[in-house]
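Could you build the full structure based on these sequences and the hints that come with them?
Chains A and B supply the protein sequences, listed in that same order. Count the first sequence with the working numbering and you get residues 1 to 302, in order. Count the second sequence with the working numbering and you get residues 303 to 604, in order.
There could be a bad hint or two in this list.
As the list claims (entries may be wrong) - Derived BS3-like pairs (lysine-lysine); straight-line CA-CA distance at most 27 Å:
| id | chain 1 | residue 1 | chain 2 | residue 2 |
| --- | --- | --- | --- | --- |
| 1 | B | 596 | A | 294 |
| 2 | B | 581 | B | 317 |
| 3 | A | 185 | B | 317 |
| 4 | A | 196 | A | 64 |
| 5 | A | 185 | B | 586 |
| 6 | A | 64 | A | 95 |
| 7 | B | 363 | B | 498 |
| 8 | B | 498 | A | 294 |
| 9 | A | 185 | B | 596 |
| 10 | A | 196 | B | 596 |
| 11 | B | 487 | A | 294 |
| 12 | A | 113 | A | 95 |
| 13 | B | 487 | A | 15 |
| 14 | A | 284 | B | 586 |
Hints were generated in silico from the structure; no laboratory data involved.
There are 2 protein chains.
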Amino acid sequence: MGILVVGSVALDTVKTPFGEVEEALGGSATYFSVAASYFTDVSMVAVVGQDFPEKHINFLKTRKIDLNGLQKAPGKTFRWAGYYDYDLNRANTLKTELNVFETFSPELPGEYKDAEFVFLANIDPVLQRAVLDQINRPRLIAADTMNYWIENKKAELIETLKRVDILTINEAEVRELAGEPNLIKAARSILSLGPKVLIVKRGEYGVLMFNGGSVFSAPAYPLESVFDPTGAGDTFAGGFMGYVASVRDWTDGGLRKALVMGSVMASFNVEDFSLGRIKSLDYKEIETRFRGFKRLAQFEDL
Amino acid sequence: MGILVVGSVALDTVKTPFGEVEEALGGSATYFSVAASYFTDVSMVAVVGQDFPEKHINFLKTRKIDLNGLQKAPGKTFRWAGYYDYDLNRANTLKTELNVFETFSPELPGEYKDAEFVFLANIDPVLQRAVLDQINRPRLIAADTMNYWIENKKAELIETLKRVDILTINEAEVRELAGEPNLIKAARSILSLGPKVLIVKRGEYGVLMFNGGSVFSAPAYPLESVFDPTGAGDTFAGGFMGYVASVRDWTDGGLRKALVMGSVMASFNVEDFSLGRIKSLDYKEIETRFRGFKRLAQFEDL
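Take a look at the structure:
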């Protein structure tokens, strides 16, 4: 099997200066899975409530996402509501209703135990470990987290990090987790906690990857129309892991291309609300934008 | 002759979390000239007071900077005092004493009239035009400005921009000058005012260049020790223009290499207070760091 992702499936109500959506399909596992589905098979472990619209299930099936690990629990689906001002780097939360997500306990169908590639989206680090305990010997484990877990479950998070190969977090979280304002020193400190690779997400400034002694900086794509950044980080992770799993190249050069592929998918995602732009991409569009990133970053030797 | 720069020479008192200096050599024309001096001849048009230490004059002469256009006026030299917190992207001004700079009127020695490359550092846009009026037919005119002129002399600034080939300003200034929050739209709007090339300085996030339809993103160099960002923008411009003037290549590919060279020089500058790091670089160090930028930004095609 391809990639296993554990995370949230949500109904998002989002407002930006450019429009709004109500109870649109969202959640970290959703964005990740849809982005990764362009490159490889994806199996999703998550939970929804009894009110979860059947049309979303049908859509995820059109992307050939394996939903055997998607639990349906009594109660309502996880809901998030928030808004963005012109500074689209910063989400303002209006409402978080955990609902069925509050008691979520990931249980993996038997056939998932041989997953080779695992992405632990931003959930309680204890649950992230509970997932790893149910898997035999994954080749590559990537994980995300957030300031809430750094502040409230740091010891548990550090336990989880010991088992993670690739950590993808944003810039402020890197500084907070390491307790160090200089990003480069903070990155080195995090690499000493377990992960071999640290990917630093910087929103409209792109992505930095620390891989042992190598540092790679990928730009963000200059877009005239950014409508909604919700899910950009998970879409990035989906493109990144999906590409790695499909080409099976985890050399530094391979990871660099995968990082750009993640950035490609994230750049599409922010061009529309919810999954509007990434729900039905053409692979040619993806290749064309990858070449756009190449032109954007390219310069000759002296 | 090589490059003509007009701007300020200052005595800076700067405090950062990593140390402080008092009345150290600074000013836009100083940083620019020293950076450019590694690549080509530079002539400086600026003003100092009678209190300006002779040791600074001697230092500038060791960099072979032509000081025939450096006026010595009755009164005191321009002084700036400020501090930076851990967010080194943001300077906090404590004191600005314009002194002799208040009545500065750039007068070019006769031999400067044939300058081929001109950099108008951040001064009153009226004075920037007064410099251009004294020059015959420069091949390339680059200019910097700041929020103060955008807010207080916008019409004059727009007059100056009509005569400028390359504008180098920071990200917030791009948005403010264009009155548009989206950076890409703002850049296009500024390119319609006259400049053929817009260079957007983004501090620790690197530099973006808009050159007609081409966009280039250069990363910033990941540094473990950033001591003082004062002068980074002018050092960048000095490396950029110095390299352009030395290789005489203003194709898009040539400007991209020059942009990286500017970033190389700026990355050295922030590693020490005042001109501590860039006062005596070895050209080999410069080449080595250029290759470091190449490794930092490099990825393969699909």
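Evaluation of the provided hints:
no.: 1; hint: B/596 <-> A/294; verdict: 13 Å, holds
no.: 2; hint: B/581 <-> B/317; verdict: 20 Å, holds
no.: 3; hint: A/185 <-> B/317; verdict: 21 Å, holds
no.: 4; hint: A/196 <-> A/64; verdict: 31 Å, violated
no.: 5; hint: A/185 <-> B/586; verdict: 26 Å, holds
no.: 6; hint: A/64 <-> A/95; verdict: 31 Å, violated
no.: 7; hint: B/363 <-> B/498; verdict: 34 Å, violated
no.: 8; hint: B/498 <-> A/294; verdict: 23 Å, holds
no.: 9; hint: A/185 <-> B/596; verdict: 21 Å, holds
no.: 10; hint: A/196 <-> B/596; verdict: 23 Å, holds
no.: 11; hint: B/487 <-> A/294; verdict: 21 Å, holds
no.: 12; hint: A/113 <-> A/95; verdict: 35 Å, violated
no.: 13; hint: B/487 <-> A/15; verdict: 22 Å, holds
no.: 14; hint: A/284 <-> B/586; verdict: 43 Å, violated
Going down the numbered hints, you'll see the structure goes against 4, 6, 7, 12 and 14, while the others check out.
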